[in-house]
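Asker: With the hints as your guide, set chain B with the ligands onto chain A.
Residue-level listing of the chains:
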Amino acid sequence: MKALIGKITLWRAVSTIILAVGAYAAYLRFFEGWVVSTNLTDAQPWGLWVGFGTLCGVGLSAGGFCIAAAVYLLGMERYRPLLRTSILLSFLGYCSVCVGMLYELGLPWRIWHPIIYWNKHSVLFDVSLCVMCYTTVLALEFSPSLVEKAIPWKGLRRWYLKWQHRILIGLVMAGVLLSSMHQSYLGGLFLIAKGKVHPLWYSPYLTTLFYLSAIPAGMALLVMVLYLCVRSLQAKIEYSLLQDLSRIMMILLGVYAVFRALDLVRNGATHYAFMMNKEAGYFWLEIVLFLAAPLALLSWRKVRDTPLYLYWTCATVVMGFMANRLNVSITALDAMSGAQYVPKWPEIALTMAVLTAGVIAFRLAVLYLDIVPRYEEPKEFRWLASDGAVAEA
Amino acid sequence: MAKKKAILVDVKRCIGCQACEQACEQAHGFPVEHPAGLSDKALTFVDQKGAKSVRRMCLHCEEPACVSACLVGALHKTPEGPVAYDASKCMGCRYCMIACPQSVPKYQWTKLAPYMKKCDMCYDRVKEGKPTVCAEACPVGATTFGDRDELIKEAWNRIRTEGDYVPRIYGTEEFGGTSVLYISDVPFEQLGFVMPPTGNEPLPMLSAAALGESPTVVLVGGSMLSALYWITRRRKAVAEAEKFGKFEGKGK
Ligand code: SF4
Ligand code: SF4
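Taken in order, these protein sequences are the chains called A and B.
If you read the first sequence in the working numbering, its first letter stands for residue 14, the second for the next number, and so on.
If you read the second sequence in the working numbering, its first letter stands for residue 5, the second for the next number, and so on.
What the hints contain is simulated information worked out from the structure, not anything from laboratory work.
Since this is a predicted model, take the numbers as computed values, not measurements.
The reader is advised that the hints may include incorrect statements.
Stated by the list, open to error - Calculated lysine-lysine pairs in the DSSO-like style (CA-CA distance at most 30 Å, straight line): (1) 207(A) / 56(B); (2) 247(B) / 175(A); (3) 115(B) / 357(A).
For reference, chain B alone in the conformation it holds in the complex:
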């Protein structure tokens, strides 16, 4: 099996040049301009947080909420790491947009046959062993592409050797882990990162807990209903027999 790939974003190194944005826009044929946020025409954007620039994009979760939410399985986690989208299955229900904790999936509201849009980590390139266009475009190595475990090692290495990093990699554990990892010299809370509501449980587990009950509901419920029906029928039969018996008794 292919080794799991990932992207490492180093907020400390990022100079906010927006080269990743432009590379992404060119690769997708979108208008090349600095967007105000993620949209159906901007799958990544450089967010200005005070003095810091933070790249926003799909985090390609290890256990993605969007994948578990999509009712027709249009989204799937590939063995290489990217969370890819099969537009031919999508029916436009927009549940993925509700489910994603980062609110990453965007919708083509201006089209008559709208599809969902989100970063797919250049899955076609990654399959061929090439890096993403954004990683190739970054002039200072703030976005790098590689094997996930190598990148984690590299990130810890930077945190250890250059003292001013926050001693934490966002994405090793958050929401069950992600394939886009962040390190920073400013606490993530101040940079608008979404913090998991409780613990780091993967969100799909929350639906799984509810859905796990369905076989029980069907089995237990089904047998209870049958039992009830049986009792009712029996009661009716008894009542009828009694009526009949009384009638006979009177007749005697």
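Pulled out of the complex, with its shape left as it was, chain A reads as follows:
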């Protein structure tokens, strides 16, 4: 018990420090300017905030629409217990992206401009409209968890829940369509920069590649989060669900691997992978973390059956995914422009602060709302095993 309190206060201290440093970084960004707070230049106008905050933030939040579609549209009732967790996770992910916009845009008070000024030829316009709509959809999908606890008037509560339930299927379908579009268009952003993107990452099929990679990455993050919920928040979750998720993830990773390989061959870019340079190094880092290592590990039964191993395998997938997005948005552009961009500390600090705020919000939601079934008392954590699968941590 003492150990538990000690651990919590340690994490509290760490998060407080991260938030405080982040606040100072935000001060630097808004009052001291770009030169003090970032290493962005004309040659590398998009850095960590876009590459990590937006591309990874959106990509890793793909879990929500997948689980919602599985449960509501495909009738896979098994996954219903994961529904609220995945929606919450995606919702917070998109919130972090929207907050990120506030410091990554040069004129953030004009963040609403795409609502009235339309350029239908711009991929970025489509992305921003989809992200706005989908964040709204997620907020509506998530709203019952909040409404059922926070609205004290029974009539109003019932009325809201009934009304929300009526449009739910529509929301889920809209969510799938919107997600499919903007997940791929994020890759489509770089299509127009042909000639400015290193051939290892440029492809006319960037849209497909982004879509195919976001789904397994979103699942990997979901598995990690569920693991942590069971470990630290006394959640009751059947471990076999995580095993199933990781099996689907493995298939999707396999599909992506084949597509990526064929695409490289088609673009005649394979020889770049075997050069002795920075780009080839980052390329292999991405391939090993996102594809090779997880595929090898997941085909090993022991890994799939051991929660901790599965957790770390998914962590590898998530890191590999980040490597991919940062490669496309930074390495690939740097290689052609020679910008040599390395983020400055306030860029990292602000990113970390937003992530930490997300984690805190997630934790509070799980503790105070009905997101996932939990044990009343803090216990040694354990998994629900439905089919006798090994359930030890």
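Answerer: Just chain B with the ligands now, with coordinates in the frame of chain A:
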């Protein structure tokens, strides 16, 4: 409609005096000095490439990547030729900088409310029928301003009559054509000109190809999802009915 205007830069005639730079800097109230490259305070600069001087600036593409990229339509191709910028729409996303094949748009990194900066071909003057300040300043006629088709004729004329030009005008076809045209007596590849990655397809077509799919995605995807949902609901109903039926059967 107004005739399409253009600028013709003759690298062979250019003597590297930087008068165009200074005229541009004065017109915009920028510090008058020779810059190291294009920036938010230098919308044109004279690049020294060996013995040659090459003016760099926005090429005012016929089908500009920056215009198609800007999500709020802050950039637009005017009927007169210049690619103009409406600062009141810009939100500072910097996508134009990523999209432009020449990496022309620059950003005011030192400001707290930064805007994008690039040459607008003195659009306010051009609207009134005046030439750009750089063309007016050039003492040797290496930068000239005029109707685009007239300038192309003039350029071919120079190439034909004075034998030492490279037989090519950079800007008639590159990236779908531009409103700033270059001729030179040294191959463009050696002067640091950006060559189109493949063919001369206008870059906006690459995004258009991706975006063109959205209506299909919505239609096909939407109906597929509805079909799936219908099947799922039907399956559930059938399963329930069967359960019910079994129950009845047992009861009999
Ligand atoms: S050169 Fe670049 S900034 Fe100028 S019009 Fe073309 S795409 Fe736009
Ligand atoms: S920085 Fe401004 S001009 Fe450039 S794409 Fe963004 S909104 Fe448009």
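Asker: Decide if the proposed pair is consistent with the structure: residue 247(B) and residue 175(A), CA atoms, cutoff 30 Å inclusive.
Answerer: holds (28 Å)
Asker: Holds or violated: residue 207(A) and residue 56(B), Cα atoms, limit 30 Å.
Answerer: Measuring from Cα to Cα gives roughly 28 Å; hence the hint holds.
Asker: Holds or violated: residue 115(B) and residue 357(A), Cα atoms, limit 30 Å.
Answerer: holds (18 Å)
Of the numbered hints listed earlier, not one is contradicted by the structure.
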